[in-house]
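A.B. asks: Listed below, chain by chain, are the residues.
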Amino acid sequence: MKIILKILCALYLMNILIGSIFAENISISASVDKNSVPQNGQIVLKVTITGDVSNLPNPTLAGMDGFTAYSSGRSQNVSIVNGAVSSSLAYNYVLAPKAIGKYSIGPIKISYKGKDYQTELINIEVTQAEYQSTASAAKPHQQAVTQDGAGQTVRPSNEKDIFITTSIDKKNIFVDEQLILTFRFFTKVDLLSAPGYTPPDTSGFWSEDLPPQKTYLTDYNGARYKVTEIQTALFPTTHGAHTIGSAYLTCSIQDFGSRGDDFFANFFSRGKPVQLTSQPIKVNVMPLPSDNKPKTFNGTVGRYTMDVSVDNKNVETGDAINYIITIQGEGNIKSITEPVIEENAVFKRYDTITSLDISKAGYKVTGKKIFKVVLVPKVSGRLQLPNVTFTYFDTTARNYKTLSSKKELISVKQKNNETTETAKEMFVSDNIKIIGEDIRFIYESTKLRTRPAELYKKSYFWILVIFLPLIYFSLIVFNIYQIKIKSNAVWDRKRKALRCAVKKIKQAEKFIPSDEKRVVSLLSGALADYFSMKLNLDLSALSIRTITNVLEMRLDFDSGAKADIVNIWEKLDFMRFAPASVNKEEIAGVLKELKKNITVWDKKISG
Amino acid sequence: MNKKISCIILFFILSVGYSYADKLNSFFQDANNLYKQEKYEDALNLYERLEFQNKYSAELFYNMSNAYYRLNNLGMAVLYNERAYLLKPRDEYIRYNRKLFNTITNQKMPLWENAVTFFSINELLYSVLFFYTSFFILLILSGRFYPRWIYWTKIAVLSLLILFACWSFVVYWDYYHTKHAVVLNDNVNVYSGPDTDNVVGFTAPKGKKAQIITVNGSWFEVGVKDEGLKGWVEKENVLVI
Numbered sequence: 001m002k003i004i005l006k007i008l009c010a011l012y013l014m015n016i017l018i019g020s021i022f023a024e025n026i027s028i029s030a031s032v033d034k035n036s037v038p039q040n041g042q043i044v045l046k047v048t049i050t051g052d053v054s055n056l057p058n059p060t061l062a063g064m065d066g067f068t069a070y071s072s073g074r075s076q077n078v079s080i081v082n083g084a085v086s087s088s089l090a091y092n093y094v095l096a097p098k099a100i101g102k103y104s105i106g107p108i109k110i111s112y113k114g115k116d117y118q119t120e121l122i123n124i125e126v127t128q129a130e131y132q133s134t135a136s137a138a139k140p141h142q143q144a145v146t147q148d149g150a151g152q153t154v155r156p157s158n159e160k161d162i163f164i165t166t167s168i169d170k171k172n173i174f175v176d177e178q179l180i181l182t183f184r185f186f187t188k189v190d191l192l193s194a195p196g197y198t199p200p201d202t203s204g205f206w207s208e209d210l211p212p213q214k215t216y217l218t219d220y221n222g223a224r225y226k227v228t229e230i231q232t233a234l235f236p237t238t239h240g241a242h243t244i245g246s247a248y249l250t251c252s253i254q255d256f257g258s259r260g261d262d263f264f265a266n267f268f269s270r271g272k273p274v275q276l277t278s279q280p281i282k283v284n285v286m287p288l289p290s291d292n293k294p295k296t297f298n299g300t301v302g303r304y305t306m307d308v309s310v311d312n313k314n315v316e317t318g319d320a321i322n323y324i325i326t327i328q329g330e331g332n333i334k335s336i337t338e339p340v341i342e343e344n345a346v347f348k349r350y351d352t353i354t355s356l357d358i359s360k361a362g363y364k365v366t367g368k369k370i371f372k373v374v375l376v377p378k379v380s381g382r383l384q385l386p387n388v389t390f391t392y393f394d395t396t397a398r399n400y401k402t403l404s405s406k407k408e409l410i411s412v413k414q415k416n417n418e419t420t421e422t423a424k425e426m427f428v429s430d431n432i433k434i435i436g437e438d439i440r441f442i443y444e445s446t447k448l449r450t451r452p453a454e455l456y457k458k459s460y461f462w463i464l465v466i467f468l469p470l471i472y473f474s475l476i477v478f479n480i481y482q483i484k485i486k487s488n489a490v491w492d493r494k495r496k497a498l499r500c501a502v503k504k505i506k507q508a509e510k511f512i513p514s515d516e517k518r519v520v521s522l523l524s525g526a527l528a529d530y531f532s533m534k535l536n537l538d539l540s541a542l543s544i545r546t547i548t549n550v551l552e553m554r555l556d557f558d559s560g561a562k563a564d565i566v567n568i569w570e571k572l573d574f575m576r577f578a579p580a581s582v583n584k585e586e587i588a589g590v591l592k593e594l595k596k597n598i599t600v601w602d603k604k605i606s607g
Numbered sequence: 001m002n003k004k005i006s007c008i009i010l011f012f013i014l015s016v017g018y019s020y021a022d023k024l025n026s027f028f029q030d031a032n033n034l035y036k037q038e039k040y041e042d043a044l045n046l047y048e049r050l051e052f053q054n055k056y057s058a059e060l061f062y063n064m065s066n067a068y069y070r071l072n073n074l075g076m077a078v079l080y081n082e083r084a085y086l087l088k089p090r091d092e093y094i095r096y097n098r099k100l101f102n103t104i105t106n107q108k109m110p111l112w113e114n115a116v117t118f119f120s121i122n123e124l125l126y127s128v129l130f131f132y133t134s135f136f137i138l139l140i141l142s143g144r145f146y147p148r149w150i151y152w153t154k155i156a157v158l159s160l161l162i163l164f165a166c167w168s169f170v171v172y173w174d175y176y177h178t179k180h181a182v183v184l185n186d187n188v189n190v191y192s193g194p195d196t197d198n199v200v201g202f203t204a205p206k207g208k209k210a211q212i213i214t215v216n217g218s219w220f221e222v223g224v225k226d227e228g229l230k231g232w233v234e235k236e237n238v239l240v241i
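As you go down the protein sequences, you meet chains A and B in turn.
Sequential numbering of the first sequence, starting at 1, is according to the numbering used here.
Sequential numbering of the second sequence, starting at 1, is according to the numbering used here.
So that you can see chain A by itself, here it is in the shape it has in the complex (with noise of 0.2 angstroms):
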């Protein structure tokens, strides 16, 4: 027994010294090169694994939050002193920050035959980003870039190796106008990784890629460059000033110098990791005009052509027909809206079909957006499509465009055994059947006239409305005037006597002074069948003394007109009977007195 016990002890105590003579130790560190970092900027965080193994585990990173990691390659010890093998491997990491704040880096984990070993945290504090514009603010392996007005980097004037460009084609834009983004990468020296490209923040623009990248030589400052360069089209979706944010790309290059003259060092060494950042880009993105804004613009920005088609120009009532507007041109082709189809009745229209096809050939945005429209015939007949209307915003002219589609004629027969609205298939005879209807051809002469054109509007209509009652009106005034004086001969007699004596007075006026004897008979006779209308006198009776009577009678008739009646009647009886005696001057002088004198007696006597 105690024999048994004397063996287990020392095999246990043998297991001890076995295992401490045999174990393996390994231990994880993880450093910093600084715990405080601007926005745009980066740590290099070296993760070092040490152990007396050979092979030792690669790092797991963890609590990368805040961060995003590149891999700067790793760089490996081995030494072998007296047999005893002791090896380590350091990591190294760039971390470019995401945002602003505090943050710890950790643990970085490793495994090793079931046993983990991590570092301890690490606190970082990311501060506000700081946009130096000479190099003088950039460390070593950090390569701060700056832009000139165009967007063009310039190269710090002491960077000769490596460094990164972006640029942009044009400053100031519309919106959705196509902006082509280019990124460089300058080198002219050999890369020992694969870089790590992270492409600048784009919000507020639309991207496309333009691939492939291009590769080639260039020089740049008297030395020779290799350029990558990758395109990208932006669409500003807003109007306003954008920016394009940094670009970033991660390398590692063949760190020469550093490590001093040890071959070996440099042999093994993974080479120096190198961060480049571009500046960010400022854009200025235009509204579109305002003013001469077409109503069938629905914002479409680029240059386009339009064209379109139909399938089937022959086809039946009822049939569909797939009516094909081709939108193609430069621009951003996945934001071209549908054109406007004119609304016609005697179509149907069901929904419309799009399909892209985008090209970037020539590193730009090119290409076309195929709208299908479905229509259905209501009607039969020669019909014409519908009418399409695209309108976009020319970038080159600065103006909007709109471009319509040219008339196109289908012919639509009636299907048998249907009926449509106004078609119907009808038998009229045995050889006749209607086959379609339209509407009838055009007149090809007229009868042009001048507006106004309803008769209502016209002057002489309402003229000959108004005049012919007045004119009916006035001749019956007229008929019972007529009545009148043939039904009253005295009256009509009265009426009479001035007109009567005032043309044979103007008969007389003739007669001077040719016939004298002719006037003077003339004269009297007026005055005589003056007085005797007017006074309803008998005229073979008549003399001054009846006449003189009857004013004194029957009117209250003035004493100086009854001498006038008097005197004039009295010298044209001289006259008459004693011509011999009587000179022209006379007769005129009666004759004028008596054209005086008869309106007033005829005043005196109608009252």
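No wet-lab data here; the hints were simulated from the structure.
Idealized CB from N, CA, C, for every residue including glycine.
Be a bit skeptical, because a hint or two may be false.
[Said to hold, decoys possible] Sample of chain B residues at the chain A side, in silico, Cβ under 8 angstroms:
no., residue
1, L50
2, S57
3, L71
4, L74
5, L87
6, I121
7, F136
8, L139
9, S142
10, D186
[What the hints assert, rightly or not] Coverage of chain A stretches by chain B, computed from C-beta distances (three or more under 8 angstroms per stretch; other residues unrestricted):
no., stretch
11, 342-354
12, 461-468
Since the structure of chain A is provided, determine the placement of chain B on it from the hints.
C.D. replies: Same frame as chain A, now just chain B:
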């Protein structure tokens, strides 16, 4: 000498007038030729030039209606066909097209319309004028002569005068005093009030005819009698016949 100068001036005026009329007719012929070549827009330009020079005829409006129809503008096609119809309601081509358009736009016409619009307003008014003048002539004659036939003729003429006068008034009231309009755009919203904030009562298709009831600013109150609908529509969506 004066007479000679007057004759020369008169001849000159007549020549100018004749050549102007000839020029207008040539516009019409040119427009027709363009129509036959299916250049409908160019044909319309010439037709419209005649219209802008205050010229009109039923054939001109009818041809314009056809050109608009070929250009798929059903609203304007209906409008001009209605204008042609008012001038020549018995024209076979115009009536045929009108019937076709009514079928396309699902427009129901009242049964009495064909009878009422058998004569155009001008034909009715000329008839009124004729009977009116005849009546007065007969009145005047009856004052002089008293045969029995004048008496009965007067009664007949007066009856016809009243008939045609009433007929003219009905046509005038229904088609000239009461304005009608044609919807120019498709699916035009007709609101319950003269504002787009009001509820849309119904939509009217292109080519539909409606009666204008009242006007309020840039809005018409319209009614579609055969369907018993009424509402408000913006002026830009319709055109008065």
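A.B. asks: Which of the numbered hints above does this structure break?
C.D. replies: 9
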